[in-house]
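Engineer: Spelled out, the chains give:
Protein chains: 2
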Amino acid sequence: MNNLLVAQSGGPTAAINATLVGVLQGARISGKVDKVYGAKNGIEGAIKGNLLDLSDLMKDTQALDTLTYTPSSALGSCRFKMKDWRVDEESYKKIIETFKKYDIKYFVYIGGNDSMDTVNKLSEYCSVNNYDYYIMGAPKTVDNDLNLTDHSPGFGSAAKYIATTIAELERDISVYDIPAVTIVEIMGRNAGWLTASSALARVNGGPGPDLIYLCEKDFDDDRFIEDIKKKQAVKPGLLVAVSEGIKYKDGSYVSDSMSSGAVDNFGHKYIAGAARALEQLVRNRIGCKVRAVELNLMQRAAAHIGSETDIIESTMLGQKAVNCALNGETGKMAAIKRVSNNPYRVEFISVPVSEVANHEKTVPLDWITPEGNDVTEEMMEYLRPLIIGETNVKYENGIPKHLRLY
Amino acid sequence: MNNLLVAQSGGPTAAINATLVGVLQGARISGKVDKVYGAKNGIEGAIKGNLLDLSDLMKDTQALDTLTYTPSSALGSCRFKMKDWRVDEESYKKIIETFKKYDIKYFVYIGGNDSMDTVNKLSEYCSVNNYDYYIMGAPKTVDNDLNLTDHSPGFGSAAKYIATTIAELERDISVYDIPAVTIVEIMGRNAGWLTASSALARVNGGPGPDLIYLCEKDFDDDRFIEDIKKKQAVKPGLLVAVSEGIKYKDGSYVSDSMSSGAVDNFGHKYIAGAARALEQLVRNRIGCKVRAVELNLMQRAAAHIGSETDIIESTMLGQKAVNCALNGETGKMAAIKRVSNNPYRVEFISVPVSEVANHEKTVPLDWITPEGNDVTEEMMEYLRPLIIGETNVKYENGIPKHLRLY
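These protein sequences, in sequence, are chains A and B. The first sequence lines up with residues 1 to 406 when you count with the UniProt record's numbering. The second sequence lines up with residues 1 to 406 when you count with the UniProt record's numbering.
Chain A with its partners taken away, still in its complex shape:
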């Protein structure tokens, strides 16, 4: 038996199930895979032997269509970080046990930085021990911070949601003729790609955000207040987009004053609250009407306004990862190489996962304007194609249909 295991990890996105569908399609089309299993809750499912048999789902094209447009990770997720196998072999042994028990030969892990670290370590472990398993990564992250891929699945859909929402908020805040500042906080701890995509609200001629601050540039309260005053002299109602991870020169987060001190399973500090901190700053220093808006989980879950480009690419990367594994590649990640902007053309390639794991691709500083409060035309050229196309979401009783695997 040549069976394939697939799992999903990290924070959910609107496109990660499209990649799962691509894996299932790739396995089916190849004719070389007998059964496909899904590990529940990422690598933890492989360790615990907690698998779902997806072989029937693989042949159900209608269910796959619904799954494509279902947000979040249908197989669940985890935030489990594998230890070095030289230090602690236990979980590696358990994974190999699961592989043997279910005749798994191929494993595709869909995820972000931390998941690519797992792919890297596991493929290394297999190679050192001469195990004949083919381990491939398939990228996903709304943050778009994965190395060696032009962009990451999930990002385009989140960018489309953000651009649309910013355009709608711009309409909303423009109705009163009084000085007011609306500050929108967008995901991105160290990488400002999502915040940059707020500028796409301008693609049809609207003003979009009046000011944009990415986490790549040091934030300065005085400069921010000056920026606001300057813009407000021309236009009373302002819309400002900020990355959740904006930091001062000393490295402290703008959101620190709002922080609950809570940490996630990886020990990362929750850093939400930048917009609320700035709301207080504007209230104290300018005194006009001011409101903080957080796009929060909606920006990664809003599958109802997914980017068709993103969903198609996400699916094809799942297929690509399977094809690579079947062709004997291991320790690699399926990736996107951009061939041209106009017309937009990409190729699907595979890259060494060791160069992806634990790297973060941040926004090039020269894609931010010298004033540090907007993005350049180069950034716009990069972003524009990624939100093109509307998906074929099916509605039932007024809301989108979702597929649940458990």
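Everything labelled a hint here was simulated from the structure, so no lab data went into it. Note that beta-carbon positions come from the ideal geometry of N, C-alpha and C, so glycine has one too. One should not assume that every hint holds.
One-sided excerpt, in silico: chain B residues whose CB lies under 7 Å from chain A [unchecked claim]:
hint	residue
1	Lys-160
2	Met-298
3	Tyr-395
Chain B is nowhere near these chain A residues, computed Cβ spacing over 12 Å in every case [as the list claims (entries may be wrong)]:
hint	residue
4	Glu-89
5	Gly-251
6	Thr-309
Guided by the hints, dock chain B onto chain A, whose structure is given.
Structural biologist: Just chain B, lined up with the frame of chain A:
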């Protein structure tokens, strides 16, 4: 000349421009209106004589189509409350001046409670002074709290956004196998209709919110913590929907501890922060992972996921208001009367605006479950038809096309 003036007021919605389109269509189809003017920033535009000539727009069907799906108030808005004309006649005189200057005979004011108060006072003023003007109101409010209409334009689209978002958030929070509470704050100061619509996330079989708290029922911290513990014993990840206006028995807002003390132009206190207050409560009393999410301005601006039922009804209410004015009605509001649920059928009627102004239609207490943490089947029957149908939003360059009037 028989000219018509139209204006928009109050908080924007995803459907208020559809009503404006209905007014323009109604005026055109009637053949009895020479020119249509729009007052900028609501009644303030009528007072200041700040009008836009909409006569060309009236004939531009393509522009009207785009305007239908453009969120917020294309003519701007205001939060101006007219004083009693017996006390201060000044603004009334100015409005009459504007009417005379532009040969206005009909005036349609699209808005919520406060706007209907303006319609009421102005029509009364005209009648006492024997002025031959016909003043009609057309309803709008995401809050759905207007009296004498089965529901209000804008509510169905907001409800569709909320139901869809809650269904997507449910998928998002379900991926980890650890105890966690996500608390979603939904608009509604005194009326819980929007929060109730979170239950529509269940229409396709999904679980929707695990707990729902409307502002109509006294909130109790201890009972809330008990509810959470009980649910968490069965299911680790919980989704909770709360009205921004939930209050304790003593009348204080749950959000009070989070309040900045800021007030809006009507002197209403900003009450956002209920979910964040409860986030801290859960962190202190239960200690599990917890996150507050505010649907904020998005829930009233998300025209990209408008309800077709809502948009069509909103348009027809605009037409109805014009027809009533042309037929000599004044001091009335166009309204919706529900004829049946299944099949869903409505009639468009006119109601005395004096009985609409300054009333708030809250959720009947027997549409909330006895435990106070969910809604009943009666509520679901009321809500279900209102989110049916997807709108024909046109996308350009990846985001919805909007029309700007100034």
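Engineer: Each hint: holds or not?
Structural biologist: Here's how the hints hold up against the structure:
The interface hint given for Lys-160/B holds, since its Cβ lies 6 Å from the closest Cβ of chain A, which is under the 7 Å cut-off. Given hint, Met-298/B at the interface with chain A, holds; its Cβ is 6 Å from that chain's nearest Cβ, closer than 7 Å. With 7 Å as the threshold, the beta carbon of Tyr-395/B comes within range of chain A, its nearest partner Cβ sitting at about 6 Å, so the hint holds. Its beta-carbon lying about 24 Å from the closest one in chain B, Glu-89/A satisfies the requirement of being farther than 12 Å from that chain.
Look at Gly-251/A: its CB is around 25 Å from the nearest CB on chain B, clear of 12 Å, so calling it non-interface holds up. Not every Cβ of chain B is farther than 12 Å from the Cβ of Thr-309/A; the closest lies at roughly 8 Å, contradicting the non-interface assignment.
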